[in-house]
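Enquirer: The primary structure of each chain is shown beneath.
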Amino acid sequence: MPKSLISIHDFTKEEILHILDVAKEFEANKTQPILRDKIVATLFFEPSTRTRLSFETAANRLGARVIGFSDAVNTSVSKGETLKDTIKMVSNYVDIIIIRHPLEGSSRYASEVASVPVINAGDGANQHPSQTLLDLYTIRQTQGRLDNIDINMVGDLKYGRTVHSLLQALSHFSPKFTFTAPEELKMPQEYKIFLDKKGIPYKETTDLSEGINDTDILYMTRVQQERFTDIMEYEKVKNCYSLTADMLKGARKNMKILHPLPRINEIAQDVDDTPHAYYFKQAENGVYVRMAIIAYLLGYK
Amino acid sequence: MENGIRKELKVSAIENGTVLDHIPSSQLFKVIRILNLDDCKNQITFGTNLESKLLGKKAIIKVSDRYFADDEINKIALVAPQAKINIIKNFEVVEKKVISVPKNITGIVKCGNPKCITNHQPVTTKFSTVTLDNGKFSLHCHYCEKDTLSDNMIISSN
Numbered sequence: 001m002p003k004s005l006i007s008i009h010d011f012t013k014e015e016i017l018h019i020l021d022v023a024k025e026f027e028a029n030k031t032q033p034i035l036r037d038k039i040v041a042t043l044f045f046e047p048s049t050r051t052r053l054s055f056e057t058a059a060n061r062l063g064a065r066v067i068g069f070s071d072a073v074n075t076s077v078s079k080g081e082t083l084k085d086t087i088k089m090v091s092n093y094v095d096i097i098i099i100r101h102p103l104e105g106s107s108r109y110a111s112e113v114a115s116v117p118v119i120n121a122g123d124g125a126n127q128h129p130s131q132t133l134l135d136l137y138t139i140r141q142t143q144g145r146l147d148n149i150d151i152n153m154v155g156d157l158k159y160g161r162t163v164h165s166l167l168q169a170l171s172h173f174s175p176k177f178t179f180t181a182p183e184e185l186k187m188p189q190e191y192k193i194f195l196d197k198k199g200i201p202y203k204e205t206t207d208l209s210e211g212i213n214d215t216d217i218l219y220m221t222r223v224q225q226e227r228f229t230d231i232m233e234y235e236k237v238k239n240c241y242s243l244t245a246d247m248l249k250g251a252r253k254n255m256k257i258l259h260p261l262p263r264i265n266e267i268a269q270d271v272d273d274t275p276h277a278y279y280f281k282q283a284e285n286g287v288y289v290r291m292a293i294i295a296y297l298l299g300y301k
Numbered sequence: 001m002e003n004g005i006r007k008e009l010k011v012s013a014i015e016n017g018t019v020l021d022h023i024p025s026s027q028l029f030k031v032i033r034i035l036n037l038d039d040c041k042n043q044i045t046f047g048t049n050l051e052s053k054l055l056g057k058k059a060i061i062k063v064s065d066r067y068f069a070d071d072e073i074n075k076i077a078l079v080a081p082q083a084k085i086n087i088i089k090n091f092e093v094v095e096k097k098v099i100s101v102p103k104n105i106t107g108i109v110k111c112g113n114p115k116c117i118t119n120h121q122p123v124t125t126k127f128s129t130v131t132l133d134n135g136k137f138s139l140h141c142h143y144c145e146k147d148t149l150s151d152n153m154i155i156s157s158n
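As given, the protein sequences belong to chains U and G, one line each in that order. This note's numbering puts the first residue of the first sequence at 1, with every later residue one more than the last. This note's numbering puts the first residue of the second sequence at 1, with every later residue one more than the last.
Derived from the structure by calculation, the hints contain no laboratory data. Since the structure is predicted, the reported quantities are computational estimates derived from the model, not experimental observations. A virtual CB, placed ideally from N, CA and C, is assigned to each residue, including glycine. One or more of the hints may lead you astray.
Calculated lysine to any residue pairs in the SDA-like style (CA-CA distance at most 20 Å, straight line) [as the list claims (entries may be wrong)]: (1) G:Lys136 x G:His22; (2) G:Lys146 x U:Tyr191; (3) U:Lys197 x G:Lys10; (4) G:Lys136 x U:Phe194; (5) U:Lys38 x U:Ser115; (6) G:Lys146 x U:Leu195; (7) U:Lys84 x G:Lys10; (8) G:Lys115 x U:Val77; (9) G:Lys115 x U:Pro102; (10) G:Lys115 x U:Phe194; (11) G:Lys136 x G:Leu54; (12) G:Lys41 x G:Ala13; (13) G:Lys115 x U:Glu46; (14) G:Lys115 x U:Asp71; (15) U:Lys203 x U:Cys240; (16) G:Lys146 x U:Asp71; (17) U:Lys253 x U:Leu146; (18) U:Lys158 x G:Leu149; (19) G:Lys10 x G:Thr106; (20) U:Lys3 x U:Lys301.
Which chain G residues stay away from chain U? Per the calculated CB distances, all over 10 Å, these [said to hold, decoys possible]: (21) Ala13; (22) Leu55; (23) Ala69; (24) Ala77; (25) Val101; (26) Gly107; (27) Asn113; (28) Lys146.
Covered by chain U, according to a simulated footprint, are these stretches of chain G (three or more residues, beta-carbon under 8 Å) [to be verified]: (29) 118-130; (30) 136-144.
All chains should be built: construct the whole structure from the sequences, respecting the hints.
Expert: Quick look at the structure:
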C-alpha cells in the first residue's frame, strides 16, 4: 500500500517537520513544475470550495494536471456506485487521489482500496490533516519556532476537528494551552486526559478577554448555532466569542490570530487591519503545505 | 460424578465437546450469533435463567463434538467476558480455558458512530480494543477513529 495522509497520526514528528521545510521552499519559489507528467484527482463528494481550490492550485503550481469533481450530484455516485468502485476506477487513471467525503473513515477506507497515495481533505467531523499541517506551518512562520508556544484555542472546542488535530500535533512540541469555550462546547475529556498523560499544561476559561494578553497564538473557531440544544444559550454566548480590535490592546507584539475560515462574526472586520490578523496569510500557506504533501507522497521531496 | 454430590444437571452432560458456562442470560443469543452456532450442525443444548451465585441468572451452552480455536472463542469476551470454557472428553473436563478480550476485532460489532463509513457502505468493521480503568473496554474504530464503549456495542447480524 503506498503511503497516504489520512490522519495527522500517520506522520511522525520528523515527517511533519520535513513537510514544513519543503513547504517553506515552495513558498520561496512558488512555481516548480516537478510533477509535469502527473495527474492528480480531486474527488469532492461534498462541496468545499476553499479546500478544493487550495489543493488544485497546489497541483497546478507543481505542473500536474487535475481531474475530478466538486460534488457528487452529477457522478455515478448518485447512481449508487460504492466508494470502493469509484476509488478503484480512479486509481487506474491518476497518480494521487485527494478525497473529501461526508462520511467519517471514508478516506482511510479509500486508501486501503486505492493503488495510489490518498490525501484526506476532510472526512466528516473526523480528520483534515492538511489543515493541521498548514496551522503548524503558520505557527512556526509567525513565531520562528514550534516549541514552547502559548496557544489559546477559542470557540467550539467540542466538535471542532481542527482544534483536536492541532492539539495532538502540537503535543510533540511542549506547548501551553488555554481553552476558551462556552460550557456546552468545552474541550472533551479524552483530549484533556491525553494532555495529562503527556504532562502538557492547560487551563480552561469561558471568558475570551481573559486569555488574549498572555498568548502567542489566538486560534479562533466558529461557534455554530446548530451545535446548541438551547437556542437562548447560543444567543447569549455568540457575542461573547466575537473578537474586536479594541480587545487586542494588551496583546503580545508577536501574537497572531489564526482561523481555519470561513469566519462569520467571531472576528470583527476591524481586526483585519491590526498587525495581529494572520488568517488570510494562513489560508495562502495552505497552498505551499499542500504542494509539499503532494510532492512528498509522490516521492519527489 | 465420583463423589456423588451432583445429583442432576439442568442441561444434560455431553460426552465430548465444549461447554460455555457463566454466560449472562441476557447475552446468550449474542454468544450464539458470534460463534455462528445458528449454522452449526452438531448437537447443541443450552439453558438460560439458571441460578448463579456470580451472575444472578446465567446461561450455559454445550456443543457436542466441537472444539473452538482460541481466537474464535475469544470473540465472546465482547459480550460475556466472565464466561468459562470447559473442554470435555469422555464426560470429563480435560481443560479449562480463560477467555481474554482480543486486541483487534474484525467484523462482529457495528461501529457506534452513525456517520462512520462502515454503517453506510459494505465495509467490514475493524477495531482495536482499549481497556478502561473500570475494567470495561472500548472499541476504537480503525476507520472513523471514534470509540464505542463495550456497554453500547451492537453485534452485527450476519
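Enquirer: Counting residues of the stretch 118-130 of chain G whose CB is closer than 8 Å to a CB in chain U, do you get three or more?
Expert: holds (count 5)
Enquirer: Need the status of pair lysine 136 (chain G), leucine 54 (chain G): alpha-carbon distance at most 20 Å?
Expert: Given pair lysine 136 (chain G), leucine 54 (chain G) holds - Cα atoms ~17 Å apart, limit 20 Å.
Enquirer: Below or equal to 20 Å on CA atoms is what counts here, so check lysine 115 (chain G) against glutamate 46 (chain U).
Expert: Holds. Lysine 115 (chain G) to glutamate 46 (chain U) sits at ~14 Å (cutoff 20 Å).
Enquirer: Find the nearest Cβ of chain U to the Cβ of leucine 55 (chain G) and say whether that gap is larger than 10 Å.
Expert: 31 Å, holds
Enquirer: Does the structure keep lysine 3 (chain U) and lysine 301 (chain U) at a Cα separation of 20 Å or less?
Expert: Answer holds: lysine 3 (chain U) to lysine 301 (chain U) is near 14 Å, not above 20 Å.
Enquirer: Given the hint that lysine 197 (chain U) pairs with lysine 10 (chain G), test it: the Cα-Cα distance must not exceed 20 Å.
Expert: Given that 20 Å is the threshold and the Cα spacing comes to 50 Å, the pair is violated.
Enquirer: Is the hinted pair lysine 115 (chain G) and valine 77 (chain U) satisfied, with a Cα-Cα distance of at most 20 Å?
Expert: With Cα atoms ~17 Å apart, lysine 115 (chain G) and valine 77 (chain U) stay inside 20 Å; holds.
Enquirer: Does the alpha-carbon distance linking lysine 10 (chain G) and threonine 106 (chain G) stay inside the 20 Å limit?
Expert: 35 Å, violated
Enquirer: Is the Cβ of alanine 77 (chain G) more than 10 Å away from each Cβ in chain U?
Expert: The assertion about alanine 77 (chain G) holds, with a minimum of 23 Å to chain U.
Enquirer: Checking a non-interface call: every C-beta of chain U should be farther than 10 Å from the C-beta of alanine 13 (chain G). Is that right?
Expert: 47 Å, holds
Enquirer: Could you check that no beta carbon of chain U comes within 10 Å of the beta carbon of valine 101 (chain G)?
Expert: 20 Å, holds
Enquirer: Next pair to validate is lysine 146 (chain G) with leucine 195 (chain U); report whether the Cα-Cα distance is within 20 Å.
Expert: Distance ~18 Å between lysine 146 (chain G) and leucine 195 (chain U) Cα, so the pair holds.
Comparing the model with each numbered hint stated earlier shows that hints 3, 7, 10, 16, 19, 27, 28 do not hold.
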